Amino acid sequence: MKAFGLPLIAGVVVAGLAPAAAQNLTIGLKSEATSMDPLFHQLSTNIQVSKNIFEALTTQDALQMVTPGLAESWEAVDDTTWRFTLRQGVKFHDGSDFTARDVIYSFCRVPLVENSPSAYTIFTGGIADMAAEDDHTLTITTTATNPLLPVDLWSLAVLSATALGADDQVTYGPDGTCTGMGDVPQAPAFNDPAVAVGTGPYVLDRYTRGSEVVVTRFDDYWGGTPQWEQVTMRPITSDGPRVAALLAGDVDMIESPPIQDIPRIEQGEFTIVDALSNRVIYLHMLQQEDAPGIGGTDGENPLLDARVRQAISMSINRQAITERIMGGYAQAAGELLPPPMFGTSGRDVEAYDPEAARALLAEAGYPDGFSITLGTPNDRYINDEQVAQAVAQMLAQIGISVSVDASTASQFFSRRNALEFPVYLAGWGASSGDMSSPLKSLVATYDEVTGMGPTNAGRYSNPDMDALLTTAMATIDDDARDQMLQDAQTLVLDDYGIIPLHYEQTVWAMKPDLTYEPRVDQYTLAAEVKPAAE
Amino acid sequence: MIVYLVRRVGQSLLAVMAMAVLVFIGVFFIGNPVDVLVSPEASQAQIAATVERLGLDRPLYEQFGIFVWNALQGDLGTSFVYGRPALEIILDRLPATLELALVALALSVGIGIPLGVWAGLRPDSIAGRTIMGARSWGSRCPISGRACC
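Protein chains in written order, with this note's numbering: chain H, 1 to 534; chain Y, 1001 to 1149.
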């Protein structure tokens, strides 16, 4: 029965937009924003919608390079103090002026957001103090040296303090101890456009959960007149109907068409744009004495031997995976982040050499191989389970008998975090756009006190790498930090602590009169969709 | 009549309880929601704080007890994903559900009852047998396949 309702609704929307088609844009997204509060849930589906309405002190361009946003410029005064010069003449959607007070209020509100499934406090936790020297000069003091502060600030949307009911004077205090906050509105209040007031190019018109988010042009936008009169972002979670909506003309653009459908979309004279993403797909191996799911080794964990890990890496034909399973929409990976991003060294992709791999296995004392379980999600990354199956077959060629254990993402991540897999396939997108992100999360020694290695479910541990990474993360000088991160990654990869497989490519499909500069962070930013040049 | 009503209401309550238990256990087996909800960049302490805030660190029976106790007072809890009361989210969808249910009801009453009366009046005629046959075919069809049956 339910199927009857959808085409009717879609028909009404299209009919309503038709007269001024060139001024309007409709995008089919693969998942739905859960809230219009930009500081509620740190989730890419929410971020890519809220970026149209709200801005931050800094922005990241399509290649994740940090560029000025609401802050015109900034400088590190000393290791823990930063001075930001804010842009003059910026208006909020309600006509009020943007000042330092709005920034302080917005950061102060972060720890006061209730029920957040993934809080933004990971970005504000390290801010010791904030002070406005005047309306457009702001100093931020951090508890520890943080060279990535300008990067982090991109995640913190600036809200209108006045629209949210703050006092005239807002004073910063860490961890929710600010004063002058008034009665802080919670996430559900942001469904109301009178509360969801930002400085971005588009104004929230309506958010209808399960159906659409509609934003309209903000005529007083500081960055010039925005392109579209009205933008509709519609979640179409199933791949098939999303592609069908594009082909039928119900939407002008979609994100993430399935690779299998791309030839069909291209035949329909639509434009496909794609780019390398910051997401690496990797194999991680459990490197502790006690490991489940391994057979034929008399209870020993062969993965503790770097030669075995190297053999696994050499037995994988990455070229075949990217060409045959990923349909060319992936690139074989030699690092944890695609070069030339910050902290990469341009290291070569591991050469496919099953002969040498077999020799290494024999040298390590496993001439007849062993058996092992490979965990993988089957609905999280592009063709994830097929990639895992291919890896299993390649490992079988050198005598390692692999059984693939595929499960849905929620179950996979829970089991992965409980160390149930001796080897697992997963992906990592570096939201900061630099090497410290994968190193810190995936291969730094797991430590609950320092917060290092939270996603290191291989429990790889290399004290030299830890030391180098910790120093790098406290080094403001970009060149020095770049070199340290390169060296730290080299230590891990030389040791085969983790095995990069490929970088995913992100794909968008759109009508031929549109163009979009593909982003490495995989975001679909409506404000960046432009008409194609004539 | 009263006995019948009491019995039916009792059965419905049992069914609701059984469903609640099944769904609760089902969700528990699918995996820890925090592993999917929380940002991958979060540290161990931040993950632990989220788990505690959502009450997921407590034993399952305790979580279930809290849910039932609140539900009896009309509070179905707060959605993890939307951060809003679950009841509100259900009510959001109510108009569409009612629309579908009413249209379905109108169709079944408007077409079903006249056809049933006709078949009942002439059970041995061709029309009567056709209607009876079509009815039993329709009711044996799985719900997911009804559109094509």
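To be clear, the hints were calculated from the coordinates, so they are not data collected in a lab.
All figures in this text were calculated on a predicted structure; none of them were measured in a lab.
Please note: incorrect hints may appear among the correct ones.
Said to hold, decoys possible - Going by beta-carbon spacing under 8 angstroms, a handful of chain H positions derived as facing chain Y: (1) 31; (2) 42; (3) 45; (4) 115; (5) 118; (6) 122; (7) 187; (8) 417; (9) 518; (10) 522; (11) 523; (12) 527.
As the list claims (entries may be wrong) - Simulated restraints on C-beta separations: (13) H/299 - Y/1020: 35 to 45 angstroms; (14) H/371 - Y/1058: 49 to 59 angstroms; (15) H/267 - Y/1106: 37 to 47 angstroms; (16) H/112 - Y/1013: 54 to 64 angstroms; (17) H/114 - Y/1067: 13 to 23 angstroms; (18) Y/1106 - H/112: 22 to 32 angstroms; (19) H/248 - Y/1020: 54 to 64 angstroms; (20) H/248 - Y/1053: 37 to 47 angstroms; (21) Y/1077 - H/96: 32 to 42 angstroms; (22) H/339 - Y/1095: 25 to 35 angstroms; (23) Y/1106 - H/238: 24 to 34 angstroms; (24) H/241 - Y/1053: 33 to 43 angstroms.
All C-beta atoms in this analysis are idealised placements derived from N, C-alpha and C, irrespective of residue type, glycine included.
Results of checking the hints against the structure:
Hint on residue 31 of chain H is violated. Least Cβ distance to chain Y is approximately 11 angstroms, over the 8 angstroms limit. Interface restraint check for residue 42 of chain H: the shortest CB-CB distance to chain Y comes to about 4 angstroms, inside 8 angstroms, so the restraint holds. Contact between residue 45 of chain H and chain Y, as hinted, is not supported at the beta carbon level, the nearest pair being about 11 angstroms apart and thus beyond 8 angstroms. Restraint check, residue 115 of chain H versus chain Y: the minimum CB separation of about 4 angstroms is within 8 angstroms; hint holds.
At a threshold of 8 angstroms, the smallest CB-CB gap from residue 118 of chain H to chain Y is about 4 angstroms, leaving the interface hint in force. Below 8 angstroms, beta-carbon pairs count as interface contacts, and residue 122 of chain H has one with chain Y at about 6 angstroms; its hint therefore holds. Because the closest C-beta pair between residue 187 of chain H and chain Y is about 5 angstroms apart, less than 8 angstroms, the hint holds. A least Cβ separation of about 6 angstroms between residue 417 of chain H and chain Y falls short of the 8 angstroms threshold, and the interface hint therefore holds.
Below 8 angstroms, beta-carbon pairs count as interface contacts, and residue 518 of chain H has none with chain Y, the closest being about 22 angstroms; its hint is therefore violated. Nearest Cβ of chain Y to the Cβ of residue 522 of chain H: about 13 angstroms, over the 8 angstroms cut. The hint is violated. For residue 523 of chain H, the shortest C-beta to C-beta distance to chain Y is roughly 15 angstroms, which exceeds 8 angstroms, and the interface hint is violated. Interface hint status for residue 527 of chain H: violated, as the beta-carbon distance to the closest one in chain Y is roughly 23 angstroms, over 8 angstroms.
Residue 299 of chain H and residue 1020 of chain Y have their C-beta atoms about 44 angstroms apart, which keeps the hinted 35 to 45 angstroms range intact. Taking the beta carbon of each, residue 371 of chain H and residue 1058 of chain Y are about 38 angstroms apart, not inside 49 to 59 angstroms as hinted. For the pair residue 267 of chain H and residue 1106 of chain Y, the beta carbons lie near 43 angstroms from each other, so the given range of 37 to 47 angstroms is met. Range check, residue 112 of chain H to residue 1013 of chain Y: about 40 angstroms between beta-carbon atoms, so the 54 to 64 angstroms window is missed.
For the hinted restraint 13 to 23 angstroms between residue 114 of chain H and residue 1067 of chain Y, the CB-CB distance of approximately 19 angstroms keeps it satisfied. Judged by the Cβ atoms, the range 22 to 32 angstroms given for residue 1106 of chain Y and residue 112 of chain H is violated: they are separated by roughly 49 angstroms. Between residue 248 of chain H and residue 1020 of chain Y the beta carbon distance is about 41 angstroms. The supplied range of 54 to 64 angstroms is therefore violated. With their beta carbons about 44 angstroms apart, residue 248 of chain H and residue 1053 of chain Y fall inside the hinted range of 37 to 47 angstroms.
Between residue 1077 of chain Y and residue 96 of chain H the C-beta distance comes to about 37 angstroms, which sits within the given range of 32 to 42 angstroms. For residue 339 of chain H and residue 1095 of chain Y, the Cβ-Cβ distance of about 53 angstroms falls outside the hinted range of 25 to 35 angstroms, so the restraint is violated. Here the CB-CB span from residue 1106 of chain Y to residue 238 of chain H is close to 29 angstroms, well matched to the stated 24 to 34 angstroms. A hinted range of 33 to 43 angstroms holds for the C-beta pair residue 241 of chain H and residue 1053 of chain Y, which are about 36 angstroms apart.
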